[in-house]
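Build the full structure now, drawing on both the sequences and the hints.
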Amino acid sequence: MALVALLLVSFLLMNYTNLRGGNWSIHPDDHEAYLIGRNLKETGSLTVSIPLNEVLEEPLFTPAGTTFSKGRVVPTRAYGLFFVCAIGMFLGEQGPFYLIPLFGLVLLIFLYMLVALVMDEKKALIATALLALSAPFLYWNNMLFSNIPGCALLVVGLYFLARIAYGGDGRFRWYLLCAVSFALTIWMRYEYALIIVWLFPIILLNRRSFKLWKTVAAILILILALSPILLLNTMIYKKPLASGYVESTQTQEKNSSAETENTGGIGSGIRDIFMRAGQNLLRPYFSKMYKDAYTFIFEPFPMLVLAGIIGILLMLLAGGSQRSFAVAMLLVMAFWSYYICTGVYYYPDSYVASSYARHLLIIYMLLAIGAPVLIERVGDVIGRNAYRALITFFIIAFLAMQITTLMVGSRGLEAHADQKAGFRRVNDIANGLPENAVIVAPFYSKVIVGKNVITSGPIEAKDQPERIEKLIGYIRELLEGGYDVYIMEASWYHPFYLDLPTHIRRGNDDIGVQEITVYTTANGIDWLFRVYLEEGFQEK
10 MALVALLLVS FLLMNYTNLR GGNWSIHPDD HEAYLIGRNL KETGSLTVSI
60 PLNEVLEEPL FTPAGTTFSK GRVVPTRAYG LFFVCAIGMF LGEQGPFYLI
110 PLFGLVLLIF LYMLVALVMD EKKALIATAL LALSAPFLYW NNMLFSNIPG
160 CALLVVGLYF LARIAYGGDG RFRWYLLCAV SFALTIWMRY EYALIIVWLF
210 PIILLNRRSF KLWKTVAAIL ILILALSPIL LLNTMIYKKP LASGYVESTQ
260 TQEKNSSAET ENTGGIGSGI RDIFMRAGQN LLRPYFSKMY KDAYTFIFEP
310 FPMLVLAGII GILLMLLAGG SQRSFAVAML LVMAFWSYYI CTGVYYYPDS
360 YVASSYARHL LIIYMLLAIG APVLIERVGD VIGRNAYRAL ITFFIIAFLA
410 MQITTLMVGS RGLEAHADQK AGFRRVNDIA NGLPENAVIV APFYSKVIVG
460 KNVITSGPIE AKDQPERIEK LIGYIRELLE GGYDVYIMEA SWYHPFYLDL
510 PTHIRRGNDD IGVQEITVYT TANGIDWLFR VYLEEGFQEK
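First residue of the sequence shown: 10, per the working numbering; consecutive thereafter.
Treat the hints loosely; a few may be bogus.
[As the list claims (entries may be wrong)] Label pairs and their in silico Cβ distance ranges: (1) P249 with R514: 49 to 57 Å; (2) R216 with L17: 36 to 44 Å; (3) A226 with D472: 53 to 61 Å; (4) A343 with A11: 31 to 39 Å; (5) R216 with L326: 18 to 26 Å; (6) D472 with Y541: 26 to 34 Å.
[What the hints assert, rightly or not] Mimicking EDC-like on lysine to aspartate or glutamate, the simulated pairs with C-alpha atoms at most 16 Å apart in a straight line are: (7) K131 with E385; (8) K131 with D437; (9) K460 with E444; (10) K79 with E66; (11) K460 with D493; (12) K223 with D178; (13) K479 with E66; (14) K220 with D178; (15) K50 with E102; (16) K79 with E63; (17) K479 with D508.
These aren't lab readings, by the way, just hints derived from the structure by calculation.
Quantities reported herein were computed from a predicted structural model and do not represent experimental measurements.
From the three backbone atoms N, C-alpha and C, an ideal C-beta is built for every residue, glycine too.
Written as structure tokens, this is what we have:
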């Protein structure tokens with residue numbers, strides 16, 4: 010009953026933004042997932058054809074989060090989430106946002122079963138509660154990112170592996186399910202293959218539980234299930250180990266609209282994930298690792314970190330099935346903490362909204378598994394009644410602290426729910442424009458789906474004035490071609506704000522700008538402008 014209540018409370022919080030209404034994309038990553046998923050459902054293709062990219066000299070119609078290669082708009086991230094979003098689209102345009110919390114629920118259920126199998130149900134309940142009520146876990150279940158599905162499938166695969174290693178059940182179906190789950194994990198997040206590799210102590214230290222032919226068959230099934238990734242990469246990027254995911258600052262080289270391609274490393278992709286892991290191990294960045302580990306692991310969860318690490322060490326000393334599991338946990342924690350904390354990720358003033366928080370979900374989960382071991386050991390010392398009181402107080406205090414972290418502040422979930430609702434309003438306004446409308450929206454490009462959007466200024470511009478001048482030239486060209494051009498700028502976000510209406514009115518007698526409507530988002534007031542050719546300059 011306690012488990013059911015826990016899962017229900019957690020699931021409601023996972024769906025907080027959905028229940029508020031107006032869930033929408035908020036970042037180039039989730040915009041790409043939604044856009045490619047929708048395109049996959051409608052056309053069956055992972056690449057997007059935007060004919061307007063052939064009209065202008067430069068591929069300005071490249072949706073946020075994607076990249077432009079060989080005359081096509083192509084995805085930049087692992088394919089798994091695109092298929093999830095495509096399936097979600099059958100439930101309606103909000104469908105993909107509801108599937109992420111379902112993965113979160115699956116993660117919690119299998120985490121409980123995993124810990125109960127390796128240890129016992131009491132520890133399993135505490136471990137599940139510590140993860141289910143944690144701010145990073147709840148926050149990222151409200152976002153359309155692949156980390157939660159990837160973690161969920163990883164735990165599912167680990168559970169099936171544990172069934173073989175610790176459950177004394179060597180039936181082939183567990184090998185099969187383990188292989189398929191780990192393959193789907195890698196489909197979601199390529200780098201999670203590095204975590205799966207570090208689980209080898211479970212097999213090595215429990216090798217008597219594994220049958221050689223079944224293990225080999227499972228590995229072959231895993232490879233077979235991953236082979237379509239290489240095929241898709243070859244079709245989309247022309248290289249089997251390629252990926253569209255490149256450095257955040259991308260350089261595009263223009264030869265022609267049919268041959269323009271990303272030159273920031275589109276051919277490196279998957280290979281770079283493993284090369285970076287090896288290079289970081291050979292060339293340590295201990296100072297950066299210490300700083301980021303302290304900021305994003307220890308500082309948010311000091312008690313959980315201490316209890317989790319001590320608990321894992323106690324598992325190591327306990328022997329039996331717990332020893333090999335603890336060895337694998339320590340290896341994964343050490344490697345993954347180092348791998349993530351030596352990377353460069355975006356982080357605002359709130360850790361829960363940072364990219365580090367979603368990448369470190371695996372660390373939080375492993376700490377949650379280890380903590381109950383110490384908690385129960387303390388209970389053996391202080392007695393049953395005191396133990397129950399301690400657990401009750403600990404869970405209530407933990408929940409209060411995590412909910413406060415989750416909801417409060419400009420980066421909290423409440424603020425993000427308001428922001429998402431505002432972004433959804435922007436998308437609705439954009440989709441209410443004429444069918445042939447072209448929208449210049451440098452910032453709002455990451456929230457508009459279904460319209461032709463100029464996502465940025467000219468790629469080849471040397472500075473801002475030249476960028477604006479060339480962009481106005483392209484607007485003129487589109488107007489002369491019979492397109493309706495509109496401007497939707499986020500005046501409150503200065504890094505992307507060009508103030509195009511002012512620049513158009515200044516020194517462009519052939520073009521006029523008309524204010525159409527005023528709309529509000531959680532961030533402030535913005536305006537929708539229509540750009541038109543002045544009378545006497547219109548194409549006859």
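Would you mind confirming whether the straight-line C-alpha gap from K479 to D508 stays at or under 16 Å? 14 Å, holds
Can you confirm whether the C-alpha distance between K79 and E66 stays at or below 16 Å? With Cα atoms ~14 Å apart, K79 and E66 stay inside 16 Å; holds.
Range hint 31 to 39 Å: satisfied by the CB atoms of A343 and A11? 33 Å, holds
Verify the proposed pairing of K460 with E444, using a straight-line Cα cut of 16 Å. Distance of about 8 Å is within 16 Å: holds.
Do the beta carbons of A226 and D472 sit within 53 to 61 Å of each other? 60 Å, holds
Please work out if K460 and D493 have their alpha carbons no farther apart than 16 Å. 12 Å, holds
Agreement of K131 and E385 with the hint, judged by alpha carbon distance not exceeding 16 Å: 9 Å, holds
Straight-line Cα separation of K79 and E63 no greater than 16 Å? Since the Cα atoms of K79 and E63 sit roughly 12 Å apart, the hinted pair holds (cutoff 16 Å).
Next pair to validate is K479 with E66; report whether the Cα-Cα distance is within 16 Å. 11 Å, holds
Is it true that R216 and L326 lie within 18 to 26 Å of each other by Cβ? 22 Å, holds
With a cut-off of 16 Å on the C-alpha distance, tell me whether K50 and E102 pass. 11 Å, holds
Whether the CB-CB distance between R216 and L17 falls inside 36 to 44 Å: 40 Å, holds
Comparing the model with each earlier hint shows a violation of hint 8 alone; every other hint is respected.
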